[in-house]
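Take a look at the letters that make up each chain.
Protein chains: 2
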Amino acid sequence: MRVIGKPLPKIDAWAKVIGETKFGDDLFLPRMLYGRILRSTYPHARIIGIDTREAEQLPGVFAVITGKDLPIKFGILPSSQDEEALCVDKVRYVGDPVAAVAAVDEETADRALELIHVEYAPLTPVMSIKEALDESRDQIHAEGADHHNIHKMVSLEFGDIAAGFAEAEYIHESSYFYEGNTHLPMEQHVAVAQFGADEHLTLWSSTQTPHYVHRALAKTLGLNASQIRVIATPVGGGFGGKTDPFSHEIVAAKLAMLTGRPVKIALNREEVFYCHRGRHPVLMWVKSGVRRDGEITALHFRTFLDGGAYGSYGVATTYYTGALQTVTYKIPAYKFEGLRVFTNKPPCGPKRGHGTPQPRFAFEVHLDKIAHDLDLDPPEYRKKFVVDNFSKTVNHLTITTCGLGECIEKVVEASGFATKAESKSPLPTPPPRAGEGERVGAIRRGMGLACSSYLSGAGLPIYWNEMPHSGVIVKVDRSGSVAVFCGSTDIGQGSDSLLAYIVAEELGIDLKDVHVFTADTQLTPVDLGSYSSRVTVMTGNACVQAVRAVKEKILEAVAQKLMVPAESLVMQNREIVCEDDEARRIQWQDAVILAEAKFGTLSGTGSYKPPKRAGPFKGSGVGPSPSYSYSACVAEVSVDTETGNVTVDKIWIAHDVGRAINPLLVEGQTEGSVYMGLGEALMEEQVFRRGVHKIPSMLEYKSPTTLETPDIKTILVETLDPEGPYGAKEAGQGPLLPVPPAIANAIYDAIGVRIDEVPIHPEKILKALEEKAKGKEARVGPKEIPNVNFPAPIHVEPPENAPKLGRRKLPIASE
Amino acid sequence: MRVIGKPLPKIDAWAKVIGETKFGDDLFLPRMLYGRILRSTYPHARIIGIDTREAEQLPGVFAVITGKDLPIKFGILPSSQDEEALCVDKVRYVGDPVAAVAAVDEETADRALELIHVEYAPLTPVMSIKEALDESRDQIHAEGADHHNIHKMVSLEFGDIAAGFAEAEYIHESSYFYEGNTHLPMEQHVAVAQFGADEHLTLWSSTQTPHYVHRALAKTLGLNASQIRVIATPVGGGFGGKTDPFSHEIVAAKLAMLTGRPVKIALNREEVFYCHRGRHPVLMWVKSGVRRDGEITALHFRTFLDGGAYGSYGVATTYYTGALQTVTYKIPAYKFEGLRVFTNKPPCGPKRGHGTPQPRFAFEVHLDKIAHDLDLDPPEYRKKFVVDNFSKTVNHLTITTCGLGECIEKVVEASGFATKAESKSPLPTPPPRAGEGERVGAIRRGMGLACSSYLSGAGLPIYWNEMPHSGVIVKVDRSGSVAVFCGSTDIGQGSDSLLAYIVAEELGIDLKDVHVFTADTQLTPVDLGSYSSRVTVMTGNACVQAVRAVKEKILEAVAQKLMVPAESLVMQNREIVCEDDEARRIQWQDAVILAEAKFGTLSGTGSYKPPKRAGPFKGSGVGPSPSYSYSACVAEVSVDTETGNVTVDKIWIAHDVGRAINPLLVEGQTEGSVYMGLGEALMEEQVFRRGVHKIPSMLEYKSPTTLETPDIKTILVETLDPEGPYGAKEAGQGPLLPVPPAIANAIYDAIGVRIDEVPIHPEKILKALEEKAKGKEARVGPKEIPNVNFPAPIHVEPPENAPKLGRRKLPIASE
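Chains as they are written, first to last, in numbering that gives the first Met the number 0: chain A, 0 to 814; chain B, 0 to 814.
Excised from the complex, chain A in its bound form:
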């Protein structure tokens, strides 16, 4: 292959580096107004009244709107239509949108916001999972309903969990907490709306999901869907934070409709923290039963999610905290209980790894503890029980290829993990660094390993109907130019380039011959958007189908002209050559002209819908994917026992990507995931005091810089998965997952203490070391789990080829 598998630059690389790319905030339309949103200063309150008269009188103000102008609720999931573009009766977090203004400039709009007078009646705020479960606190949604502040409760049992624990030779229980954090994209959210003379609404927005925004606009504005066009501008970082439809998008549209002028709303950095939809804080309890060799016989997993003020993707997130544990190692019996609460904080939603980094952290640390308890080698023990290729999990997920065994081998070999782990002792303290004096405490070094898996796109769309998840139309014309139309949204991951690579590979042409049009609900066929790591596999498959439909015609026309069989023709280097007689060849453009004359306008259409693989139970839609990626990670850390500072010295990560369509991009995605996992492990968190976000700025919200980011050694493992284009699987999210547990396990290796919650701050290290010195439990982590009566689980029979209990009871040939 000439293009696939090659480390080529992105097709938009030049435009990005020289500043030619126009992001949403670079859009300026004639007569454009600027919108600003007034946000609640209360975490939980009733709106008694809003007086906008003074604001309306301010010169330069064109419109002032409140909740009564946009009363229709919206939300991303059909079951969570609980948001208002501007709050009608209640506010539910500090930052909740209350009113909006369109004015000649942002200063005037801001001044007008100051002139809007809102009268609130405060309610008791609910700021934690514990407070949410306290029924004496005020209810956030649907007051009077008996769920109080519980948003979603799930209880599922796969296989015979009691038999699994009965078969266990060792049972281990532990609790974990994963703090919430946010995406921190470089680009703030921005939307520009225009309502044309023809009564068509166009919205440009920095969104990962233009089609879902389209749907929310149609619903809230009462327009025909066909009158609305949503164009995703190039996204300057999404990571899941631009996957919901947002208030400011709807508000900008409404203001444009009311004023007849274009309206731009660009969020400031503080507002981005309010609409973040980031990582849920999750409290977890794990109980597993294993045999002496580490084989899991039963797993019981409980998650408590702090969802913030609205539903967002939270129902899916809740399921995700349970669904994918089974995809990594063989688990013959599994019980999952999940619970999501509403709190008076900005709503949480999907962030890279959506709902899975938290349980992965818990599970991989839990396994590390078991390995130490049973004196097992962490990599060997994990490798032994990796899921089988082309098998099913106990919860009815379909495994295609699994390269996790190879991933483990590769990182172990590259990092020298086994050798160091075998020594069973911390590495020697390094000599003081230049400029460092004598030290009280030692620098201890350690290594830890963790594994993970992730989806290549979700099995269901977030619509009510069956549909293609991705569609691609390819047009080829006599200039030799190929236009590719696809709704996919390039959020920096390179999805536009992916389309170009596939077309260039299939047709044997240059990347410069390919012109990609994407992310426009009117111009391009539907594509669900850039989330759940779905684009490479789903859009890629649709693109392969579309381009091959055109290719077939071109080859037929050329075969006829050259009087050779079409099967003998190869497309390469802008030529079509007969393999059997290389003198018979024709230039690319001439071939197109021939085919165009023979068949008329040349186009091909492809679309992709994932295989139907849901299990026979409610909630089974969350988890299935055409394929799963696998990662293994080794982290090497230095812990300063005096300050508690943890330095990650190096990360080795091996990722089974199926096929690296562009290894450069996959490495980039992997490094980005590692960087983000590092931040989550050591420093990132959302911190609230009295309902107010304490650190809503890039200065105060701690995130790693290049200085904190270690050398990352990425190893790509290719398993050529049959479900993906050229064998590809996901790459953009999975590699984040094993990083926090690998670091936590490395810290244990270094200093013998367990930090069972992230972020792992120095004070937690010091506290654990202090306890250890006192001879107490050397652990920082949740001490207790809420006492909740989960409903009786729905029992689900595992599928035929899932891992089975009672292995030892089967007759074994020679043992």
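What the hints contain is simulated information worked out from the structure, not anything from laboratory work.
You can take every hint at face value.
With a straight-line cut-off of 25 Å between C-alpha atoms, the simulated DSS-like cross-links for lysine-lysine are:
#1 Lys611/A to Lys560/B
#2 Lys597/B to Lys608/A
#3 Lys218/B to Lys511/A
#4 Lys617/B to Lys803/B
#5 Lys560/A to Lys611/B
Sample of chain A residues facing chain B (criterion: CB under 8 Å; computed from the structure):
#6 His213
#7 Lys474
#8 Ser480
#9 Lys511
Every residue, glycine too, gets a C-beta built ideally from N, C-alpha and C.
Given chain A's structure and the hints, the job is docking chain B onto it.
Positioned in the frame of chain A, the structure of chain B alone reads:
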């Protein structure tokens, strides 16, 4: 039908009337430079040297280029690649581009032009057909070659011309001259070029033919065709004047490539007169043989075209001055000799009616003379010999439907022509108008009739290969929104609307559901452009094919859902209804969602190539068309015998449009054609003195205003032609043709003098009246025809079902 045949507004009407439409000159790109072109001040000269040093030093100047930077010649026809974007060795008319500058603003660029010093060596200018045939004048092209200043010579004979004249009972010869004139679009030409970081060139241009511009750019700039994107901006008037690729388009592109910044070149009004490519001045000689009843037995037609300095479409124009005479009335023997010369004037090309208004003027006045000579009723006589439906002409053109007979009846009835003509005398002089005193001369009124026919698109593309002439891709998505992609170029005639009408009709949806993307060589499939009245028939046919491909899928899905046969389903009012059981119905959007789930992404592709109908001779490519429109026109005029002023009081025009897809637009096109024909008949002309255009401004170039435009009564005749979508034929050009001869014939009816040349100025009227008063020939027109030795004609046998000679010799049943 709900949409087709209804007088709906254009889909871009609102955007146009409120100023939302962005024309080329409304484009402003960041860091854009302004280009200006230095033009020759000599009509004919050698370039000795160009010194650009001083201009290059001027602050604010980014680039100065001359012919050496763009040495590759271009031109629209394969056989006329004779233009240079900037002249290399010679200039050939005042206005010929010589050098160009890109600067920060237009003022700086203009100042820089003044600092470019060009040394010329003047040559003898050639300013008329007569001078062009004078071999003592300098040669304009390919000096030394033996054609001297003759560009093209054609000599063809169809059938037995000698036998035809031998069979004639009356032979009439006359000469005519049709002065050149220009398109005078409201919008001046403008091009904006951008050469991106990705080495792709984008050119926005006010052009009727983006694909032909694309080809010229690829050739002259040495870029891969697939690296170039041409986007036609909304055209503020074209009329053929934006059908060539132009110097300023290539120059803008080159300057953008050299400077790395976008470059805009907007021509000023004077420059538009230089690059006009307007109506050729044509001198004509007609000889026809007729029977006593007016039946034509032989026609001999000679045309001499003054082509200006370059080839442009001139070879085609030359053929067009001969090809279509046979399409209106039965002609059994036809000889055509045509000749085009180069002169040192701005090159002529296609203007509304391309090469046919001139011979139509000559032929229809000629027929009027014969009618008077033989005492025949002009309409009855014409009607009798109209071509037959579904026949062939002597020169191998295929007639499908012909509604000319009905057109004649309709205008005669509406105008009362027969009654007035029968009176054989001028109408009574009207009383003096208010404020007018006693008059010396009388106001005489008269009526005249003329007919014509025109093509619905040309049979051949202006490429070297066979190809689809129009392609359409239709995409339908779950919002119920339909995107239509087509390369057609809306130049105000409403071609974008046409696509929307067809899609809305076929799918039973609203125009607001349809979104049209056109005129972009990269985004849309090929369409040859807006010329030769080709769009409605060719693009329309491609669109019908494309939309029906999608429709079929939608109906299949709905039929399955409703459990009824697909044939019983009707699409109307955004619903699909079973005709046999109206309770079985489904909403449009739901139907799309069903079909999308069943078939994947919904798209349909259609393309159109006209039937191959060329005759067996060289040059036979000019003339064939899928179908021909027909017009009949009656003009009523008042001639002031004192001043010579002619006032056109009313025009009745009947046009056989096959089917009026939107009668409002067809009427608009007809009225526009009549208005333009009126200008050509009475006032418009290009006037040169010493090689310089005397009146290159809207102030001085005389064109009718609303004050001179009479009441126009348009009558649409529908023949439902099998070649066109829903039966449609052309409408935008044909109705111009009969207007000048109808006016000339009306003048004769009013005052008994023949003005055999246009424009018909008052001084010509007065001169003819003076001659008449003296008892001399009451005629103004060419006295002599150049004595040219045309080559021996190529003799072509007429096809089987062409009009035959020897009718009277056939046995006739009962006579």
